[in-house]
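S.K.: Residues per chain are reported as follows:
Number of protein chains: 2
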Amino acid sequence: MKNRIVTISREFGSGGRTVGKHVAQQLNIPCYDQELIEKIADQSGFTREFVQEKGEYTSYGGWFANAFSDRSPRGVSAQDYLWTIQRQVILDLAQQGPCVIVGRCADYILSDVADCLKVFIHADMEKRADRIVRLYGETDEQPLKRLKDKDKRRAAYYKFYTDAEWGDVHHCHMALDSGVLGIDLCVDLIVRAF
Amino acid sequence: MKNRIVTISREFGSGGRTVGKHVAQQLNIPCYDQELIEKIADQSGFTREFVQEKGEYTSYGGWFANAFSDRSPRGVSAQDYLWTIQRQVILDLAQQGPCVIVGRCADYILSDVADCLKVFIHADMEKRADRIVRLYGETDEQPLKRLKDKDKRRAAYYKFYTDAEWGDVHHCHMALDSGVLGIDLCVDLIVRAF
Numbered sequence: 056m057k058n059r060i061v062t063i064s065r066e067f068g069s070g071g072r073t074v075g076k077h078v079a080q081q082l083n084i085p086c087y088d089q090e091l092i093e094k095i096a097d098q099s100g101f102t103r104e105f106v107q108e109k110g111e112y113t114s115y116g117g118w119f120a121n122a123f124s125d126r127s128p129r130g131v132s133a134q135d136y137l138w139t140i141q142r143q144v145i146l147d148l149a150q151q152g153p154c155v156i157v158g159r160c161a162d163y164i165l166s167d168v169a170d171c172l173k174v175f176i177h178a179d180m181e182k183r184a185d186r187i188v189r190l191y192g193e194t195d196e197q198p199l200k201r202l203k204d205k206d207k208r209r210a211a212y213y214k215f216y217t218d219a220e221w222g223d224v225h226h227c228h229m230a231l232d233s234g235v236l237g238i239d240l241c242v243d244l245i246v247r248a249f
Numbered sequence: 056m057k058n059r060i061v062t063i064s065r066e067f068g069s070g071g072r073t074v075g076k077h078v079a080q081q082l083n084i085p086c087y088d089q090e091l092i093e094k095i096a097d098q099s100g101f102t103r104e105f106v107q108e109k110g111e112y113t114s115y116g117g118w119f120a121n122a123f124s125d126r127s128p129r130g131v132s133a134q135d136y137l138w139t140i141q142r143q144v145i146l147d148l149a150q151q152g153p154c155v156i157v158g159r160c161a162d163y164i165l166s167d168v169a170d171c172l173k174v175f176i177h178a179d180m181e182k183r184a185d186r187i188v189r190l191y192g193e194t195d196e197q198p199l200k201r202l203k204d205k206d207k208r209r210a211a212y213y214k215f216y217t218d219a220e221w222g223d224v225h226h227c228h229m230a231l232d233s234g235v236l237g238i239d240l241c242v243d244l245i246v247r248a249f
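So the sequences go chain by chain: A and B.
According to our numbering, the residues represented by the first sequence are 56 to 249, in order.
According to our numbering, the residues represented by the second sequence are 56 to 249, in order.
Same shape as in the complex, but just chain A:
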């Protein structure tokens, strides 16, 4: 069975989660974001915090470093185990019907098994920095540094598990700049394309 699914990859602070939630509301289909983390936590035995962090980010900036970090002598890390659970949860959800899935390499995982509209949401550093300070407050770390670190570790995670470049225009059907277009227009365009 091939279900129509919207996968949303997003840069940290671009508002991609919000876009996903609103798209799902307008299409009247479920959106898996926090719910996905909970399902993966339940099935893997890991905490939600671990799933949230380790299911999308490497510990280090480079995928090469990731390839050798925290691995047992047999070459499997907790993150690898989490990947297999995460992959299965996403495959199962895709079988259940149309939905929106935010992040977690769903675009790659569902490539051959579901009819996906693959969306990438991005925005320039300045707009994202404004947004994260507004939403998550200030921290000791400068917002631009936080963003760069998140971008780097998310791209490294994607590269390591999918062997593709994160945010490469060729791996998505629509890439939208939420900073210029605005959240509402992004939602509207995705709903229209779906």
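No lab work stands behind these hints, which were simulated from the structure alone.
No residue lacks a Cβ here, since even glycine has one placed at the ideal position from N, Cα and C.
Fair warning: there could be bad hints in the mix.
Unchecked claim - Here are the computed lysine-lysine pairs in the DSSO-like style, where the Cα-Cα straight-line distance is at most 30 Å:
#1 207/B - 94/B
#2 76/B - 200/B
#3 76/A - 94/A
#4 205/B - 205/A
#5 76/A - 205/A
#6 182/A - 214/B
#7 182/A - 207/A
#8 94/B - 214/A
#9 207/A - 207/B
#10 214/A - 203/B
#11 182/A - 205/A
#12 205/B - 76/B
#13 205/B - 182/B
#14 207/A - 94/B
#15 203/B - 182/B
#16 182/B - 214/A
#17 214/B - 203/A
#18 214/B - 200/A
#19 207/A - 76/A
#20 205/B - 94/B
#21 200/B - 207/A
#22 214/B - 200/B
#23 200/B - 214/A
#24 214/B - 182/B
#25 203/A - 207/B
#26 207/B - 214/A
#27 182/B - 207/B
#28 214/B - 214/A
#29 214/A - 76/A
#30 182/B - 76/B
#31 207/A - 94/A
#32 94/A - 203/A
Unchecked claim - Now the in silico label distances, taken between C-beta atoms and shown as ranges:
#33 150/B - 102/A: 56 to 66 Å
#34 136/B - 146/A: 48 to 58 Å
#35 237/A - 72/B: 54 to 64 Å
#36 188/B - 207/A: 35 to 45 Å
#37 103/A - 191/B: 21 to 31 Å
Stated by the list, open to error - Not close to chain A: a few residues of chain B, all C-beta gaps over 12 Å, as computed:
#38 73
#39 96
#40 98
Start from chain A and add chain B according to the hints.
M.R.: Frame of chain A; chain B shown alone:
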């Protein structure tokens, strides 16, 4: 004066020119594609064929090779001269009112002087190969080889004159896969975003 302009960068064979033409028709504004080539030819003294080829493609695949090719002892090539004319023609057009401009690094040239909606149209190799054979017929060269060569030389041209990566998701506001979404839907989404 800041005019609203749609710039369309496109992979060879993706149908980006057709998208641009239809967007302009629907918005009832001019579309500069072939007209642009004619204007640039008139102002530069080069033939249309030269402008068509040398205003978007390097002779060789790498921008580094381009940096040293065909240059006079003073470091200026015919292609550099063409770039200055092309740049000025695009700047002048942007002053005249809203329009659609296809290709020729208009997204970069107008970055700071006009209010642009920057669009990138792409499609996978197979769909583009189908399209170029359908539109331009067979040649001695395999369609996939023709595409790879065009992609490489267009990217090298863009990199050389703008110092940015061609097709980088961060340099456009909307990147659309015309092979999956179809030409009509791409037109519709751009018109809506404009």
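S.K.: Against the 30 Å threshold, does the CA-CA distance of residue 207/A and residue 94/B hold or violate the hint?
M.R.: 44 Å, violated
S.K.: Would you check the hint for residue 94/A and residue 203/A, treating anything up to 30 Å between C-alpha atoms as holding?
M.R.: 29 Å, holds
S.K.: Is the hinted pair residue 214/B and residue 200/B satisfied, with a Cα-Cα distance of at most 30 Å?
M.R.: Holds, at roughly 21 Å.
S.K.: Within 30 Å, alpha carbon to alpha carbon, are residue 76/B and residue 200/B?
M.R.: With Cα atoms ~27 Å apart, residue 76/B and residue 200/B stay inside 30 Å; holds.
S.K.: Quickly compare the C-alpha distance for residue 203/A and residue 207/B to 30 Å and report which way the hint goes.
M.R.: 29 Å, holds
S.K.: Closest CB-CB distance from residue 73/B to chain A, is it above 12 Å?
M.R.: The assertion about residue 73/B holds, with a minimum of 18 Å to chain A.
S.K.: Do the alpha carbons of residue 182/A and residue 214/B lie within 30 Å of each other, as the hint requires?
M.R.: 25 Å, holds
S.K.: If you draw a straight line from the CA of residue 205/B to the CA of residue 205/A, is it 30 Å or shorter?
M.R.: Judged against 30 Å, a Cα distance of about 35 Å means the pair is violated.
S.K.: Is residue 214/B within 30 Å of residue 203/A, Cα to Cα?
M.R.: 23 Å, holds
S.K.: Checking one constraint from the list: CA of residue 214/A to CA of residue 203/B, max 30 Å. Satisfied?
M.R.: Between residue 214/A and residue 203/B the Cα gap is close to 23 Å, so the pair holds against 30 Å.
S.K.: Check whether the Cα positions of residue 94/B and residue 214/A lie no farther apart than 30 Å.
M.R.: 45 Å, violated
S.K.: Can you confirm whether the C-alpha distance between residue 205/B and residue 94/B stays at or below 30 Å?
M.R.: Measuring from Cα to Cα gives roughly 23 Å; hence the hint holds.
Violated hints, in rising order: 4, 8, 14, 21, 35 and 37; the structure is consistent with all others.
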